[in-house]
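*Asks:* Residue numbers (the working numbering), protein chains in the order written: chain V, 205 to 320; chain A, 375 to 486.
Simulated from the structure, these hints should not be mistaken for lab results. Treat the hints loosely; a few may be bogus.
[Claimed, not checked] A few chain A residues that face chain V, going by a derived Cβ cut-off under 7 Å, partial list only:
1. Pro-414
2. Gly-417
3. Leu-418
4. Lys-442
5. Leu-463
6. Gln-478
7. Gly-479
8. Val-484
9. Lys-485
Since this is a predicted model, take the numbers as computed values, not measurements. Quick reminder that beta carbons are idealized off the backbone N, C-alpha and C, glycines included.
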Amino acid sequence: ETGVTQSPTHLIKTRGQQVTLRCSSQSGHNTVSWYQQALGQGPQFIFQYYREEENGRGNFPPRFSGLQFPNYSSELNVNALELDDSALYLCASSGKAPGQGGEKLFFGSGTQLSVL
Amino acid sequence: KQEVTQIPAALSVPEGENLVLNCSFTDSAIYNLQWFRQDPGKGLTSLLLIQSSQREQTSGRLNASLDKSSGRSTLYIAASQPGDSATYLCAGFSSNTGKLIFGQGTTLQVKP
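This is chain A alone, in the form it adopts within the complex (with noise of 0.2 Å):
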C-alpha cells in the first residue's frame, strides 16, 4: 500500500522564522510531487510541483525538494509570515496506480 506521511502533524512558529515541513512517500514508483496549501474550509492551492526528474522548485520564499532514492520530499518556508498559517499538504503521484496519493498534512501557525 503506498503511503504518504507528513511530519510533523503541526507546527506553530514566531513570525520571521525559517522552517522546513517533511513529507515521506513508501512508493518508489511517485512520478512527481506536489506541495499544496489549504486554509480552513477551503479547497487546495497548488504551491510546487516537482517532477520526478526534478530536485527542487522555488516559487518566493517556499523551496521545495524531491529526493526519491530516500522517499522524502521537503517544503521550506523562509521569513514566515502570519499570513502563511494553513494546512500543507503533499502529494505524490504514482505511476504505478495512476492517481495522487495525500498525506495528512501539517497544519501551520505563525504568531505575530
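For reference, chain V alone in the conformation it holds in the complex (with noise of 0.2 Å):
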C-alpha cells in the first residue's frame, strides 16, 4: 500500500463525454503527477501540481486539465473524450518540492478508462 488512492478504479464513458478522475496524495505530499498508461506501453506524463498550481505539462491538449485542493488532493478533466483516451490513468505522489531532485513517487493503483 503507497496510501495514494484513486477513484474510481473503472469507468465507461462514449466518445465526446467530459471525465473526472480523483486522487488523495499520500499524507504530508505536497506534489501530485497524473500519468496515462495506453496497454502496452509504459505511462506518458499529463502534468504536475505542486501546491495548488501546474507545474509542468507534458504533450497532452488542453482538454486535460487538473485541479490540486488545498488538502492536496488532485482531479484530472478530460473533455470532450476520444477513443484513443481509452488507458490506465495513474496518480503519484512525493513529498518533495519539483525540482529538488531525489523524488521518489508513490503510485496509485489507477482508474481504467474505457471509450467507447
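If you follow the hints, you should be able to join the two separate chains into one complex; please do so.
*Replies:* This is the structure:
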C-alpha cells in the first residue's frame, strides 16, 4: 500500500463525454503528478501540481486539465473524450517540491478508463 | 527528445534463475532513476531509487545499478520466483524537463 488512492477504479464513457478522475495523495505529500498508460506502453506524463498550481505539463492537449486542492488531493478532467483516451490513468504523489531531485514517487492503483 | 528504452520487452525464465533487465536513456540530465513493478491492470510499486550520486541500490534479491556516463541502468533479480512475474518499468527523472520519463517495460514470466 502506497497511501495514494484513486477513484473510480474503472469507468466507461462514450466519445464526446467529459470525465473527472480523483486522487488522494499520501499524507504530507504536496506534489501530485498524473500519467496516462496505454495498453502495453509505459506511463506518459500528463502534468504535475505543486501547492495547488500546475508545475509542468507533458504533450497533452488543453482538454486535459487538472486541479489540486488545499488538502493536496487532485482531479484530472478530460473533456470531449476520444477513443484514444482509453487507458489506465495513474496518479503519483511525492513529498518533495518539484525540481529538488531525489523524488521517490508513490503511485495509486489507477483508474481504467474505457471510451466507447 | 528524451527517451528511455528497455530490453528485452519480454522474458521467460525457469524458477531459480538469476536475471538482468536493461534500461538505457538518452538524456544526460537524468537526475535519478527508479525501478517499478506493475502487476496486470494495477498501479506501480516502487522497487528501487538510485540517486545520480549513487551507482547502485539493493533491496533483498534485487540490485539496481546506474551508469550515467553510458546512459544505462540494470535491474538484477537473484534466484527468481514465480511471484516475481510482472512488468518491470524503469523511469528517469530529468532535471531538464522536471518530469519522470518511463521505458515501455519488460514483462517477466518466471515458470515454476
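*Asks:* Given A/Lys-442 was flagged as interface, is its beta-carbon under 7 Å from a beta-carbon of chain V?
*Replies:* This interface hint is violated because 13 Å lies over the 7 Å limit.
*Asks:* Per the CB criterion, is A/Pro-414 less than 7 Å away from chain V?
*Replies:* Where the cut-off is 7 Å and the nearest Cβ of chain V is about 10 Å from A/Pro-414, the hint is violated.
*Asks:* Does A/Lys-485 meet its interface restraint, that is, does its C-beta lie within less than 7 Å of any C-beta in chain V?
*Replies:* For A/Lys-485, the interface hint is violated, since the closest Cβ of chain V sits about 22 Å away, which is over 7 Å.
*Asks:* May I ask you to test the interface hint for A/Gly-417 with respect to chain V, counting a Cβ-Cβ separation under 7 Å as satisfied?
*Replies:* holds, 4 Å
*Asks:* Does the interface hint hold: is A/Gly-479 within less than 7 Å of chain V, judged Cβ to Cβ?
*Replies:* With a closest approach of 6 Å, the A/Gly-479 hint holds.
*Asks:* Given A/Gln-478 was flagged as interface, is its beta-carbon under 7 Å from a beta-carbon of chain V?
*Replies:* A/Gln-478 check passes; min Cβ-Cβ to chain V is 5 Å, inside 7 Å.
*Asks:* Checking hints one by one. Is A/Leu-463 an interface residue toward chain V, by the C-beta closer than 7 Å rule?
*Replies:* Status holds, d = 6 Å.
*Asks:* Quick check on A/Val-484 please, does its C-beta sit within 7 Å of some C-beta on chain V?
*Replies:* violated, 20 Å
*Asks:* Next item in the hint list is A/Leu-418. Is there a CB on chain V closer than 7 Å to its CB?
*Replies:* holds, 4 Å
Violated hints, in rising order: 1, 4, 8, 9; the structure is consistent with all others.
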